[in-house]
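S.K.: Sequence:
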Amino acid sequence: MNIQLLKCFFMWNTIINFALFLMAFLIYRIASKLIYDIFNSWYGITREKFKNAYFNSMMIMKIIILVFNLAPFLALTIIY
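According to our numbering, numbering within the sequence shown proceeds without interruption in unit steps and concludes at 80.
Simulated from the structure, these hints should not be mistaken for laboratory data. Misleading hints may appear alongside valid ones.
In silico lysine to aspartate or glutamate, DMTMM-like type, Cα no more than 20 angstroms apart, as pairs [as the list claims (entries may be wrong)]:
no.	residue 1	residue 2
1	Lys-49	Asp-37
2	Lys-51	Asp-37
3	Lys-33	Glu-48
Let the hints inform the model, and build the full structure from the sequences given.
M.R.: Printed below as a string of structure tokens:
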């Protein structure tokens with residue numbers, strides 16, 4: 001496997017994951033009441049706990065994207 005293939009892989013992986021991240025954010029912004037109602041009926045959580053769980057999961061997703069997708073792509077781009 002050559003370096004160019006790895007760079008291309010990490011580039012597209014980063015683009016796709018950021019697109020999914022933005023889609024999750026937009027869905028939450030558009031339909032947060034509906035999503036909360038569904039999770040409230042399943043788990044009986046409060047609005048505050050729902051917001052905390054959502055923002056914590058988005059923060060973890062962003063960190064994972066940065067560490068495992070963007071950082072290797074940038075490292076390979078800088079080195080080669």
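S.K.: Would you mind marking each hint as holding or not holding in the structure?
M.R.: Results of checking the hints against the structure:
no. : hint            : verdict
1   : Lys-49 - Asp-37 : 13 angstroms, holds
2   : Lys-51 - Asp-37 : 12 angstroms, holds
3   : Lys-33 - Glu-48 : 13 angstroms, holds
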